[in-house]
Each structure stands twice: as structure tokens, then as C-alpha cells.
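> For reference, the chains in residue letters:
There are 4 protein chains.
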Amino acid sequence: MNCMEAMREIELKGHIIDSFLLPKVFDKVMDMNGEFEIIEFDIGKHKTDTSYARLMIRGKDQEHLDDIIGELHRLGAYVPEAEDVVVEKAPKDKVVPKGFYSTTNHTTYVKIKGEWRQVCDQKMDAMIVIRDKDAICTTLGHVKKGDKVVVGNSGIRVVPPERPRGHTIFEFMGGQVSSERPSQSLIRQIAEEILDVKHNHGKIVIVGGPAIVHTGGQQALAELIRNGYVDALLAGNALAVHDIEYNLYGTSLGMDLNTVELAPEGHKHHIYAISEITRAGSIKDAVKQGKLTGGIMYECVVNDVPYVLAGSIRDDGPLPDVITDAMKAQDLMREQVKDADIVLMMATMLHSIAVGNCLSSSVRTICVDINPATVTKLMDRGTAQAIGIVTDVGTFLPWLAEELAALEKSRKKEVPALKVKSKKR
Amino acid sequence: MNCMEAMREIELKGHIIDSFLLPKVFDKVMDMNGEFEIIEFDIGKHKTDTSYARLMIRGKDQEHLDDIIGELHRLGAYVPEAEDVVVEKAPKDKVVPKGFYSTTNHTTYVKIKGEWRQVCDQKMDAMIVIRDKDAICTTLGHVKKGDKVVVGNSGIRVVPPERPRGHTIFEFMGGQVSSERPSQSLIRQIAEEILDVKHNHGKIVIVGGPAIVHTGGQQALAELIRNGYVDALLAGNALAVHDIEYNLYGTSLGMDLNTVELAPEGHKHHIYAISEITRAGSIKDAVKQGKLTGGIMYECVVNDVPYVLAGSIRDDGPLPDVITDAMKAQDLMREQVKDADIVLMMATMLHSIAVGNCLSSSVRTICVDINPATVTKLMDRGTAQAIGIVTDVGTFLPWLAEELAALEKSRKKEVPALKVKSKKR
Amino acid sequence: MNCMEAMREIELKGHIIDSFLLPKVFDKVMDMNGEFEIIEFDIGKHKTDTSYARLMIRGKDQEHLDDIIGELHRLGAYVPEAEDVVVEKAPKDKVVPKGFYSTTNHTTYVKIKGEWRQVCDQKMDAMIVIRDKDAICTTLGHVKKGDKVVVGNSGIRVVPPERPRGHTIFEFMGGQVSSERPSQSLIRQIAEEILDVKHNHGKIVIVGGPAIVHTGGQQALAELIRNGYVDALLAGNALAVHDIEYNLYGTSLGMDLNTVELAPEGHKHHIYAISEITRAGSIKDAVKQGKLTGGIMYECVVNDVPYVLAGSIRDDGPLPDVITDAMKAQDLMREQVKDADIVLMMATMLHSIAVGNCLSSSVRTICVDINPATVTKLMDRGTAQAIGIVTDVGTFLPWLAEELAALEKSRKKEVPALKVKSKKR
Amino acid sequence: MNCMEAMREIELKGHIIDSFLLPKVFDKVMDMNGEFEIIEFDIGKHKTDTSYARLMIRGKDQEHLDDIIGELHRLGAYVPEAEDVVVEKAPKDKVVPKGFYSTTNHTTYVKIKGEWRQVCDQKMDAMIVIRDKDAICTTLGHVKKGDKVVVGNSGIRVVPPERPRGHTIFEFMGGQVSSERPSQSLIRQIAEEILDVKHNHGKIVIVGGPAIVHTGGQQALAELIRNGYVDALLAGNALAVHDIEYNLYGTSLGMDLNTVELAPEGHKHHIYAISEITRAGSIKDAVKQGKLTGGIMYECVVNDVPYVLAGSIRDDGPLPDVITDAMKAQDLMREQVKDADIVLMMATMLHSIAVGNCLSSSVRTICVDINPATVTKLMDRGTAQAIGIVTDVGTFLPWLAEELAALEKSRKKEVPALKVKSKKR
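Residue numbers (the numbering used here), protein chains in the order written: chain A, 13 to 437; chain B, 13 to 437; chain C, 13 to 437; chain D, 13 to 437.
Mixed in with the good hints there might be a few duds.
Note that identical chains are pooled: a pair holds if it fits in a single copy or bridges any two copies.
PhoX-like cross-link-like pairs, simulated, lysine-lysine; straight-line CA separation at most 25 Å [as the list claims (entries may be wrong)]:
#: 1; residue 1: K25; residue 2: K40
#: 2; residue 1: K36; residue 2: K72
#: 3; residue 1: K36; residue 2: K25
#: 4; residue 1: K350; residue 2: K280
In short, the hints are calculated from the structure, not lab data. Note that the coordinates shown come from a computational prediction; the quantities given were computed from them, not determined experimentally.
Turn these sequences into a full structure, and let the hints guide you.
As C-alpha cells, this is what we get:
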């Protein structure tokens with residue numbers, strides 16, 4: 013060891029082999045040209061046992077070592093002699109102090125005055141701000157001058173999700189995308205997940221794009237909302253406009269969804285749809301006034317399902333209900349997903365990635381798209397827990413509605429009651 | 013007119029405006045820097061009338077004029093003072109004489125000894141060989157030394173298909189691809205087309221890829237065959253192997269299609285499937301011996317539906333039924349499609365384009381694929397009459413089977429009887 | 013003619029055959045079950061001649077006739093006995109009067125007090141508002157209570173673009189997409205177009221996505237801006253952040269763009285990049301303070317090239333320069349493109365379609381994307397004049413920069429001088 | 013332990029943590045509801061050390077245990093008390109004995125008469141046939157009646173490739189696909205790999221599709237062949253026909269590759285191209301007769317680079333050089349790749365997957381395609397070692413040629429000599 017060399021002990025605890033944590037740590041150290049030595053190693057001999065390892069990490073100087081320790085941290089290693097987290101004040105609104113700790117989307121704990129506290133509102137690429145004894149995961153846009161922002165890696169513990177084991181779709185398809193799997197079998201399994209979550213009063217959030225309407229899936233989605241399977245809807249102006257256009261005029265962007273022909277003067281319908289809602293005041297007003305009598309947005313209104321319609325530069329109109337400020341829309345979306353159990357994303361790359369950025373890695377995330385690139389990008393951008401179903405949302409949604417109805421009927425024979433709505437909403 | 017300039021009269025007949033023939037001719041002449049003059053022009057005043065135009069075409073010299081006339085020919089123009097077709101002998105097997113006439117996939121007539129004869133077996137990029145008074149559309153591979161091959165453009169008449177008008181899917185979606193149309197409505201319309209063809213004792217050919225099995229569409233396709241909707245199946249080794257694997261072991265490439273999990277030792281199943289059929293002798297033998305008792309291939313065998321399994325360099329095995337010689341397989345496929353009324357292509361780019369090459373432009377062609385590029389390529393390669401449905405074949409096929417069953421039931425109430433099989437088979 | 017039947021004369025003028033206008037009109041009438049009779053027909057006998065047709069259109073009643081006339085209007089037909097446009101007042105902000113005229117993106121004239129006036133700011137799916145003698149194409153969001161909005165079809169003339177004829181890329185690739193064309197030859201032709209426009213002091217607008225930086229095209233784009241080929245840049249937060257991250261830290265989303273490896277602590281760089289610009293005040297301030305010394309955004313600042321960074325719900329930060337309100341961003345984008353000669357869209361579906369919505373069909377539009385769906389959607393959404401180049405923007409941009417340099421050198425030998433910047437900016 | 017329970021010891025050796033072997037074994041046992049106990053565990057304390065583990069595996073009965081052991085085997089575990097491999101005779105040509113051992117594409121050893129022998133011609137989904145003391149990896153199609161086929165898992169050792177560590181493209185991109193990486197940097201690294209292999213007299217095999225010609229990459233590929241970078245070319249009829257068409261007529265499927273316009277009578281060129289080669293006798297004959305004077309196929313002929321042109325059902329013609337029997341073509345392809353060091357696949361899904369099936373996992377495999385699905389499918393089908401470059405082959409090939417030229421020049425300054433051709437050919 014030359015005089016520049018620096019070393020530090022780290023610990024690994026839990027399912028460190030099963031979750032691939034141990035080999036990932038070895039890998040990372042070697043990739044970064046550091047060295048490691050195993051000080052203690054106690055492997056669980058059965059699958060329910062947890063394991064423990066203590067390793068000495070060496071870097072060629074302190075900076076090198078810090079870089080390595082920083083990366084190991086993100087993987088889930090932690091420094092045993094953990095002191096309290098170190099904070100520094102934000103020098104200005106929306107400006108981070110040098111060396112800020114950038115969050116992962118995994119559950120994270122910080123040591124504040126000797127106590128480990130879980131970080132609230134976990135999401136990726138954010139900062140941790142300490143307020144009294146609370147640690148809040150905060151996006152750059154919400155950092156205020158003087159906020160105590162966590163820096164470095166001390167006093168922080170990341171707990172990556174255990175690889176799920178069992179026989180649900182999230183287990184055998186974790187982090188995979190494929191257009192070559194049996195579609196109907198997958199849909200049945202998603203239906204089971206949804207039903208389980210609803211029986212446990214969990215929260216299901218739908219993220220959807222306008223192709224839901226174009227491809228003819230809107231009636232099935234409206235049915236899902238009506239039957240209590242949806243606790244929040246995150247979408248844009250287009251989904252709402254097309255849904256309303258269909259319900260007012262039977263067309264979507266002028267195309268008759270039953271005959272698949274263009275309706276005469278149909279190209280005006282989407283502007284009329286926006287205009288009529290504006291005339292009424294809002295979607296809710298249009299429902300109250302009896303102007304809008306069916307569809308996705310109608311069911312949201314009458315079933316008290318909150319929705320966030322985020323504006324975009326592509327929008328016509330937009331509808332009066334649309335939040336045109338991107339940051340305000342982001343905040344409202346974040347609010348809806350923070351206690352979600354399942355997020356079902358359908359036919360929208362923009363909204364899926366935007367919502368993915370706001371999710372903890374513990375939220376079960378399903379992304380349905382006919383374009384495999386949507387799912388790949390979602391995962392590449394960090395939402396690694398998502399499972400991708402490459403299919404046509406226009407056939408997916410009707411099958412899902414059928415499967416849910418069939419499953420619920422067959423379950424009712426066994427257990428009585430349901431139709432209890434989630435309390436979280 | 014300088015002394016080099018050359019000119020020639022052409023005629024246009026039929027629905028020359030409605031089919032865009034007239035403007036296409038004008039366009040082409042201008043694009044090629046030729047000139048035209050309208051000698052006679054009689055436009056139909058109602059939609060049922062046909063029109064007539066006579067034009068003088070000028071080129072800067074004879075070669076230039078011939079080039080222009082050659083292109084106009086392909087569009088459907090013809091030379092009024094038409095002499096008999098001119099032929100030249102093929103100098104060698106598989107070698108064309110200079111200036112050979114290259115066919116389109118449109119219905120074509122040739123003038124032989126003063127009489128107009130329709131060319132048999134019309135397909136694109138082939139030659140016309142004259143045998144006595146018969147004109148046969150022949151691919152390069154089948155040209156024999158001494159064959160009388162048509163050269164130049166004289167005595168040839170091309171009749172492009174009229175743009176269909178009405179309210180079937182082929183009319184409003186002619187030459188279009190879109191992933192943003194109402195899937196279930198489209199499927200219903202395809203079901204109606206299929207039923208109409210079957211009521212008229214027409215021929216329906218299925219072209220399919222292995223994803224039909226992977227995505228769980230195999231039972232629906234088997235049902236279609238069992239119910240008499242399929243008159244021929246064109247596929248490869250993989251579709252048959254996966255279908256047989258599923259019927260012998262419940263898996264497709266080792267994946268259990270119901271639980272969507274990998275079966276233990278499942279990776280061996282496809283080799284076992286091939287091996288078992290080889291042991292039996294052939295697929296037909298395996299059915300006879302009671303080894304294969306269900307699925308796509310089984311239904312083909314018991315319902316006497318002919319199939320062509322074309323070999324490819326990707327194949328494992330292959331099955332004893334597979335035609336490993338590409339040219340022999342091509343000939344057999346061509347035989348099956350030449351009197352087809354509908355060709356339904358599903359989830360295979362290779363076979364779809366290969367079959368497309370063999371089709372006359374009058375065959376109603378539907379291409380179903382989750383990848384829009386398959387449909388785009390099919391059309392770019394000349395099968396312009398195809399309509400593209402961008403959807404998941406694993407949900408498409410079950411819906412199609414449901415729609416067919418529902419439609420047939422509702423039609424039976426009106427007209428009695430059906431279940432008459434096509435006579436063409 | 014029964015007593016309900018209604019009829020009306022229309023006229024077609026100009027290149028009505030060459031532009032396919034005549035057959036489209038016939039087609040549309042037949043598709044809608046109307047009837048037509050040709051009253052007068054005078055076809056140009058040479059390619060420079062214009063043609064004229066007068067047709068009597070019949071519908072089964074007045075409403076049916078109006079529907080037909082409405083559609084023919086959009087194609088470019090007009091009603092000869094044209095009266096002034098008819099207007100009705102908007103009953104409320106952002107609410108259209110019944111029967112409003114919905115614009116195409118083609119050049120449009122309206123007859124106001126007996127005079128034909130061209131509509132300003134032409135774009136699709138908007139309204140025409142009359143202010144004194146001016147007709148302004150206005151989006152729904154900008155319609156104010158009491159605005160005189162054009163209704164019906166009287167007094168309106170649409171002039172669809174002639175099909176370009178000649179040998180530039182816009183002519184032979186009009187409305188086409190293909191991934192199977194010679195990439196370098198296409199790039200050379202785009203370079204020629206760009207150079208021609210710059211020599212004529214025209215305006216070139218770039219619309220770009222973050223993949224320009226990820227794929228390593230940022231230096232070439234910066235060079236284009238430095239050399240005066242770019243008059244405005246329309247993008248989002250991500251492009252600017254990645255460009256700035258690369259210029260401050262050599263990475264893009266943490267990946268070293270030279271070694272293609274992840275930099276240690278690189279995942280923090282994009283937050284640092286935003287934070288540093290916020291600390292400086294804005295991108296311009298960061299340039300002034302010497303903090304940002306190269307790249308796309310830097311070149312925009314030092315070369316006075318205006319940029320619009322539109323916010324989206326996916327954004328981190330965002331940068332202080334980002335317009336977070338979608339409608340405000342849309343207005344600013346519209347301002348930049350309204351006098352554009354060429355719009356070059358690269359690697360962004362959202363921005364391409366958003367900008368496409370704001371363009372007149374006379375703007376030469378090039379869409380470069382590795383995903384053919386981007387180009388297809390752009391055209392499906394109405395930007396039919398776009399040509400699509402399916403290629404990798406990371407190799408496209410460097411080749412384009414090389415071709416421009418080579419071409420300009422070879423042209424300089426012939427004509428002297430250039431480097432005159434567009435005056436439009 | 014109940015009386016049915018079965019147990020067996022296995023061993024893991026080598027880089028069992030670094031290669032994720034240990035956690036994969038634990039995972040698999042738990043997934044299959046087996047149990048494990050660690051008997052001995054000796055972990056290397058430095059990165060160069062190898063590790064050793066001995067585990068007791070328990071299943072609920074012998075069959076269950078055998079299933080588990082079978083799966084662990086494929087991962088790389090082996091049974092310490094290894095007996096000789098067990099063989100059974102093939103009952104018939106192309107028929108496997110029950111319980112046959114299905115190969116992975118990893119290096120494999122078998123114990124024959126007490127000695128470990130490496131299996132020859134390793135590839136996936138094949139059988140091991142023992143001939144004397146040789147073990148040959150044999151595809152089903154080549155199994156002969158009476159062949160001694162390995163069954164079960166005894167006496168077999170699989171050695172999965174170590175995860176490469178270092179700074180070449182194969183290390184940091186192992187098993188990844190992305191369209192969002194810096195294209196030029198990636199190309200530079202591929203050029204370095206190619207140059208390294210050539211300096212070591214290694215073998216480089218090109219697998220290519222016709223889009224190489226359509227997109228204008230043919231001259232660059234011809235240059236690569238001319239400069240000695242290519243040791244074998246695997247392609248189909250289409251690549252060769254388009255290349256020859258371009259060299260005879262300047263077009264590809266009738267399109268002039270320089271002006272990007274359709275040539276008059278150009279649609280006949282590809283048939284002429286085939287016909288002319290047939291007239292000459294073969295491609296080699298056409299070169300000898302001075303008819304073919306440039307391009308990819310020409311360079312193969314004059315530089316003695318072997319090529320395999322595999323037939324397909326899409327083919328026109330085909331050329332006389334095409335192997336129309338799929339199984340024969342497969343054998344010839346297999347022959348060419350069995351000692352390859354680098355396989356560079358470009359713009360062909362069919363050939364890439366077909367060749368991938370024939371490769372050992374130790375062959376460095378690069379797949380270049382504009383469609384990410386090609387790369388994803390290649391990996392899903394088992395060629396997990398491939399790295400995917402999502403780019404346009406029409407810009408990729410020219411850059412690669414430029415980079416190779418630049419690199420070779422800069423290297424020559426350091427080391428003298430090269431232009432030594434591979435001896436393997």
C-alpha cells in the first residue's frame with residue numbers, strides 16, 4: 013500500500029447473493045480498478061437465511077476510493093461505522109450543493125441524529141432534503157435556498173428490491189420485454205394482480221395515451237373505471253379530447269370507430285369537442301349539464317376518480333381541465349402515484365417515462381405498448397422494475413375487461429363481498 | 013419537331029380518371045421530359061361511364077420515346093395500332109433475351125395472331141412466354157432455352173385494378189397501414205369478408221409465422237381450419253414445430269403457454285417434437301398413428317387442407333415434411349395461391365413478401381403484423397393491394413374466431429346452410 | 013331529380029390533372045354517394061398549360077350537398093358564384109360558432125368585401141378570423157369572444173401545392189418514407205437544398221431531440237449553427253441539458269461520449285448541468301460568465317440564433333430558459349416557423365408533430381429519425397409534405413456537415429461570397 | 013428428509029462469483045423448489061483468484077432432483093464424482109434417444125473413458141455424438157441411426173464465458189442494445205477490434221443483407237474486402253443480385269444510387285443482372301470474362317474470399333451461385349463460422365439469427381441493424397454474447413472504412429508491416 017492509497021470497510025446485509033448484490037459489488041470494484049478483500053463472510057445456508065459480508069475496499073487515493081464507495085452505495089452497500097448524514101445548504105433556489113447525493117428509486121434510509129429514517133417520496137435522480145427529523149426526496153425544481161441537502165454517502169442506506177420469487181407475472185417477467193409471449197395468458201395474470209390489489213384496498217393508477225381511443229379500447233377502459241378498478245388516471249389533452257369526441261360524435265379524429273370510415277365533416281369534431289367542453293366550463297360541468305354522458309372521462313367524473321391531464325406542445329385547444337404548466341402537472345402526477353400499488357401504462361411513451369421517473373422501484377409497473385421501444389426506453393431510463401407487454405391496446409383492454417369480469421365471478425363464489433373502494437384515493 | 017424527334021399515339025380506356033390513370037400518364041411523360049398532346053378526350057359524365065383518351069407522345073429521339081412508352085405501358089396505356097406481341101427466343105435456360113417485357117402484377121393481355129389472350133399465372137417481375145396461343149407468366153428460373161419470350165411493349169395490354177368503391181375494408185383501407193385504427197371493428201370487417209368468400213366457395217390461403225404459436229393464437233387458427241375457413245396453409249418449419257411442440261408438451265420453445273413460465277427441460281421440447289415426427293415418418297403419419305392429436309397441423313391433416321412448409325437456413329431439424337429447396341417450395345406456394353381469393357398473412361415478413369411476389373394484384377391481401385415495417389415492405393416490394401393491420405396476432409386470432417362464430421350464427425338465421433367447402437382445393 | 017335533391021356548380025382551375033385534383037374530386041363525390049356532371053372541361057394540351065373544369069354536383073338533399081361541397085372545398089374546388097365569406101361571432105373565448113370553417117395547411121384565400129385576401133399564418137385544424145380586411149388563421153386557444161369566425165365554405169379558396177417536378181429531393185421523395193435508400197446520396201441532396209436556401213437568404217429551422225447528443229451528433233450541429241446554416245432551434249429541456257452536460261463534463265446522461273463508458277458519479281452530471289445554469293441565471297448568462305464555452309446552445313447564444321426550449325412532464329429541473337407552459341411554448345414555436353423555408357426535424361416525435369401542426373404545406377419539411385414510425389405519424393397527422401429519412405442522426409449530422417463544407421467549397425470556386433446571414437431572423 | 017427425497021453434491025469452480033454463477037445456481041434451485049446446503053466455500057480474495065464451492069442439492073424425489081441437476085448443469089455446475097458420459101444409440105436417422113443432452117453454445121467438456129475432452133463445433137440446441145474419443149456437437153439433421161448420443165448430465169462440464177473485463181466494446185456493451193449511444197465512437201471501437209484481430213491473423217466473417225446495397229454501403233464493403241479485412245461473406249441471393257445490378261447498371265432495384273431516382277426501364281435491371289451472370293455461368297465466370305468489374309462479389313472473387321449465398325423463397329432467379337437447399341446452405345455457413353473470431357452481421361434478421369445458431373458463445377458477435385428488433389431477437393434466440401449497434405448501415409459502413417484507414421495509418425507509424433492475410437481461410 014503506497015502512501016496515497018486509501019481504504020474503507022463496507023458491509024453487505026440481507027439477501028446479498030440472491031439479489032446479485034455481492035457479485036455486483038465485486039464487479040464494480042474491479043471495473044473501477046479498485047481492490048477488495050473479504051474480511052468476514054457468512055452465507056445463509058437456506059433460502060430463508062440472510063447473509064452478511066464485510067469487505068475492505070481499496071482505491072489508489074482518497075478521491076478514487078470515494079468514487080468507488082459512491083457507486084457501491086447506489087448498489088446497496090453501506091459503510092458500517094455510519095455517522096449521521098452530512099448536509100449542506102442549497103446556495104440558491106433550484107441549485108444543489110457540490111457533492112449532493114443523487115437518489116436511486118430504491119427504498120432509502122438516512123441516519124439523522126443517530127436514528128435511521130426512511131426517505132419519503134422516493135424517486136430517482138432527486139435530492140434528499142432534511143427537515144427536522146424528516147428526510148424528503150425532493151426534485152431539483154423544489155429545492156429552496158437554504159434547504160439542507162444531503163451530500164456524500166455517509167449515513168445513507170439503500171435497500172434494493174429483492175428479486176421477487178413466486179409465480180406471478182412480476183416474478184417471471186421481471187425487467188423483460190417480449191412480443192413473443194402468449195398474450196391472453198399474460199392478460200389473465202395481470203387481471204389476477206389487479207383483483208388481488210383491489211381486494212387489499214390497494215391503489216391502481218392508469219397512465220394512458222390517445223391510441224386507447226383510436227384503437228377502440230375506450231369502452232373497456234370506461235368499464236374498468238365504472239367497476240372500481242381504477243383509482244387515478246394520468247393522461248394528456250389528446251386522450252380526453254378523443255374520448256369526448258367519440259362520446260359526442262361517434263368518431264375519433266373524424267374516423268367512425270364502428271365503420272372505420274371517415275365521417276363527413278369529421279375533421280372538425282375534435283375542435284367541436286374541445287369547444288363544447290369549454291362552453292360548458294369543464295369536463296365536470298359538461299357531465300353535470302348532461303352534455304357528456306359516457307366514456308372514460310365521464311366515468312372518472314361520476315365515480316370520483318381523480319385525473320390529471322398534462323398539457324403538451326402538440327395540444328389543440330386545450331380542454332379547460334388541462335394543466336398546461338409542465339412542472340405543475342408533474343407535481344400533480346407525483347401526488348397521485350406516490351402511494352400507488354400498481355401503475356398500468358398504456359400506449360404512451362411520453363407519459364410512461366414521465367410517470368416512471370416519479371415511481372419508487374417497489375411499485376409494480378406494467379407497460380403495454382405496440383412499440384417495444386417504449387418499454388425498452390422506460391427501463392433504460394431507470395424504471396427497471398417495469399414489465400413490458402408488447403401488444404395492441406385495442407385488443408388488450410377488451411380482453412382485460414373480460415378476464416376481470418370472469419375472475420371476479422369465479423372468486424365471488426368462494427369469498428363474498430367486494431366492491432369496496434380503495435381508501436387511499 | 014427536329015429530325016431526331018419521335019412520336020407515337022397511345023390510348024387510354026376505361027376508368028382512366030377514377031383510377032388515376034390519366035394524371036399518372038401525364039405525370040410520367042413530364043417526369044421523363046417527354047411531351048404529350050391530347051388528340052381525343054371523351055370523359056364519362058357519370059360514375060358508371062368509362063372514358064377514353066388518345067394522346068400523342070413525343071420523345072427527343074426513338075430511344076427516348078421507347079423508354080417513355082415502356083413506362084406508360086406499365087401504367088396501363090396501350091398502343092392503338094397494336095401489332096402482335098414480338099417474341100425472341102431465350103438464348104439459354106434461365107437467360108432472358110435483351111429487351112424482354114417485365115411483368116407487373118396486374119391482369120395483362122397479349123395479342124397473338126390478331127387475338128387478345130389473357131396471360132396466365134400473372135405475377136410481378138416475371139416474363140411472358142408464348143406457347144402456341146397461350147401466354148404464360150413465367151419466372152426467370154423456369155425460362156428454358158428456346159422459349160418464346162415477349163420483348164418490347166407492342167401487343168401488350170395491362171389493366172390495373174379499379175380502385176374499389178364501397179364499404180368493405182378493402183375499399184376504405186386500400187394500400188394503407190395504420191396502428192391507430194379500431195382493432196375490433198377491423199377484425200369484424202375481415203370476418204365478413206372471409207364469410208362472404210366462403211359463401212361463394214372461394215379460396216382462402218393463410219400465410220403464417222411461428223409467432224402465431226408463441227403469442228397463443230394457435231388454438232384459434234386450429235379452430236378456423238376445423239370450421240372450414242382455410243383452404244391452404246403456407247408456412248415454415250418453425251410454425252409447424254412450435255405447434256407440434258405445444259400439442260405434445262404444452263410449451264412453445266420451452267415456455268408453458270398457459271403459465272408463461274419456462275418448463276423444466278423445456279428447451280429440449282422443440283428438438284423432441286421434430287424427432288418424434290421424424291420417428292413417425294411425417295406429420296400425416298404422426299396423426300394416423302395417434303401421436304399428434306390437435307393443433308394447426310393436425311387440423312390441416314384431418315380436414316385435408318394442403319400445406320407447404322418451406323425450409324430456411326434458420327431451421328432446426330427440419331421436420332420431414334419441410335421442402336428444403338427454396339425454388340421447389342416457391343413453386344408449391346405459387347401453385348396454392350394462384351386461384352386464391354383472400355390471402356391472410358400473419359406474423360411473418362419472409363413468407364409474406366415471398367407470397368406477395370406470387371400474387372396477382374386482384375387477390376385481396378391482408379397482412380397482420382405487430383411490426384408496421386412488415387406491411388410497409390410488402391407494399392414497397394409491389395404488393396400494393398395489401399391492407400395492413402398492425403396488431404398482436406395473439407389477440408387478433410381469438411377475436412377473429414369469435415367474430416366468425418357470431419357472424420355465422422346471425423347469418424344462419426337469415427339464409428340456411430353453409431359448411432360447403434371450397435371446390436377449388 | 014326529386015324535390016329534395018340539391019345541386020350546385022363548382023369550378024376547378026390550375027394544374028387540376030397534374031395535381032390529381034380532378035380525379036380526387038370525382039372520387040370524393042362518388043364515395044359520398046353524390047353525383048356529378050361535367051359542364052365544361054378544357055384540358056391544357058402541354059405541361060405548362062393550366063386546365064379548367066366546371067362541374068355540377070348533386071346531393072340527395074341540401075345537407076348532403078353541403079357535406080359534399082365541404083369536402084370538395086378542402087381538396088381545392090371552389091364555388092364560382094363565390095360570395096363573401098360568411099362569419100359568425102365566437103360566443104365565448106375559445107369557443108367556435110357552429111359550422112366553423114376548419115382550415116387545411118394549404119394556402120387559402122377568402123373573399124372579403126368582394127376582394128380575395130390570402131389568409132395569414134396558415135396552419136391546419138384552425139379557424140379563420142376576420143379583422144377588418146385581414147384574415148388570420150387562428151388556433152382555438154386564441155379565439156376571443158366576439159371574434160368574427162368564418163363559417164361554411166362560401167368565399168374560400170384553397171390552393172393545394174402543385175406536385176413539385178424536377179430533380180431535387182422534395183420532388184422525387186414527396187410524401188415518402190424509406191429506410192432503403194442510399195443514405196449518403198440523400199444527405200448530399202439535403203445539403204444542396206440547405207445551401208440554396210441560404211444563398212437566397214431563406215430561413216432554416218432545426219427541430220431536435222436529445223438523441224442528437226446521445227448519438228454523438230452534437231458537434232456537427234454546433235458546427236452547422238456556427239457556420240450560419242441555422243436560423244432558429246426548437247427543442248426541449250433534454251436536448252439543452254445533455255448538450256450542456258457534454259460541454260461541462262464530457263458525458264451525456266453520465267456516459268462518456270468518447271469512450272462510451274459510464275463516468276464515475278456520472279449519473280449526477282445532468283442535475284449538476286441544470287444546477288450550474290440556474291446558478292448562472294440562464295444559458296446566456298452562463299455563456300457570458302465563461303462557464304459554457306461550446307456546444308449547440310453555446311453556438312446559438314454567440315451567433316444570435318433564437319431558440320425555444322419547450323417544457324414537458326419528463327423534464328428534470330428544468331433549465332431556467334425552458335418555457336414550462338405548453339401553450340406559451342407553442343406560440344413561440346409558431347412565431348419561429350411561420351416564415352421558415354426549410355424545417356429540419358431530427359430525432360424527436362413530440363416536437364416534430366407539434367411543429368408540423370404549425371406549418372403551412374408549402375414549407376419544405378425533412379424529418380430524420382431512426383424510427384420510421386415518427387415520420388409515418390407526422391404525415392398521418394397532416395404534415396403530408398414532409399420527406400422522411402430513416403437513418404441514425406449520430407451519423408447523419410457529421411455527414412451533413414462534411415457535405416455542406418465540401419459543397420460550399422466547390423460552389424465558391426464558381427460564385428464568390430456567401431456567409432450572408434438570413435435577414436429574416 | 014423423507015424416504016423419497018434425493019440429494020447430490022455439485023461443484024462450482026472458477027470465477028463463480030464474478031460470472032454470477034453462484035447466485036444463479038442458488039436462484040435456480042429455489043425457483044425449482046429444491047434446497048441447497050453449502051458444504052464448502054472458498055472465495056478468492058482478489059480479482060485474479062478463482063473460487064470454489066461445493067453444494068448439496070436436495071429434490072423431493074429422484075426425478076425432481078434430476079430436473080434440478082439438469083438445469084444447474086446448463087449454468088456451469090458439475091457433478092464432482094463425475095463418471096463418464098452416458099450415451100445411447102440413435103434409433104433412426106435424425107431421431108434422438110430419450111433424455112438426450114441438449115447443448116448450450118458455451119464451451120463444453122465430456123468425460124470419455126476417464127478423460128475430459130472438449131466438444132468440437134460447439135453450438136446451441138444440438139446433440140453431442142461420441143466417435144471413438146471424439147465428442148462432436150451435431151445438429152439433429154446430421155444424427156445417423158446408431159450414433160452414440162450423449163444422454164443425461166453425467167460426465168459433462170459446461171464453461172460459461174467469463175464476463176469480459178476491460179475497455180473494449182465487448183466488455184462495456186456485453187449483451188446490450190441501444191439506439192442512444194454515440195455512433196461514431198462505437199464505430200471507432202469496432203474498427204480497433206477488427207484491426208487487432210487482423211494483426212493476430214484472426215478470422216472475420218461478414219453476414220449481410222441487401223440493404224447494404226440499397227442504402228449505399230456497397231462501395232465501403234467492397235473496400236473492406238479489397239483491404240483484407242474480410243475472410244468470408246455469408247449472404248443471400250438478394251445482396252449479390254443488387255450488388256451486381258449496381259455494378260452493371262448503377263441501380264439497385266431500379267433506383268439510381270447516386271441521383272436517388274428511378275432509372276427508365278430500371279425495374280428490369282435485377283432480372284438482367286441475374287440473367288447475365290447465368291449467361292456467363294457463375295459470378296466467378298463473369299469476373300473472369302470481364303463482365304463484372306467491381307463491387308462486393310467482384311472483390312470476393314479476386315481476393316479469394318469464400319462466400320455462401322443461401323437461397324430463400326423470396327428469391328428471383330436465383331443466381332447460379334446460390335445454394336437453394338436450406339440444409340446444404342446451413343452446413344456451408346457453419347463451416348465458415350466455426351473458427352471465426354469476429355462475426356459482423358449487418359442488416360439481415362434471417363441470416364443473423366441463422367448464423368447466430370451456429371456460433372459458440374466465445375465468438376465476438378456484432379449485429380448492426382436500423383431495427384432494434386433484429387438484435388433483440390438474435391439475443392432472445394440464444395446469441396447472448398452479441399452486441400447490438402442500432403444504426404444505418406448506409407452510413408455505418410463508410411465510417412467504418414474511414415476509421416479503419418485512419419487507424420491503420422496511425423498504427424503503421426508505430427509497428428511496421430501488416431497486409432498479412434489470415435491463414436485460416
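> Can you tell me if K36 and K72 fall within 25 Å by alpha carbon in one copy, between copies, both or neither?
within (20 Å within a copy, 32 Å between copies)
> Please sort K36 with K25 into within, between, both or neither, judging by C-alpha distance up to 25 Å.
both (14 Å within a copy, 18 Å between copies)
> Evaluate K350 and K280 at a C-alpha cut-off of 25 Å and name the case that applies: within, between, both or neither.
between (39 Å within a copy, 23 Å between copies)
> 25 Å Cα cut-off: does K25 pair with K40 within a copy, between copies, both or neither?
Both: 17 Å inside a copy, 21 Å across copies.
The structure fails none of the hints (numbered hints given earlier).
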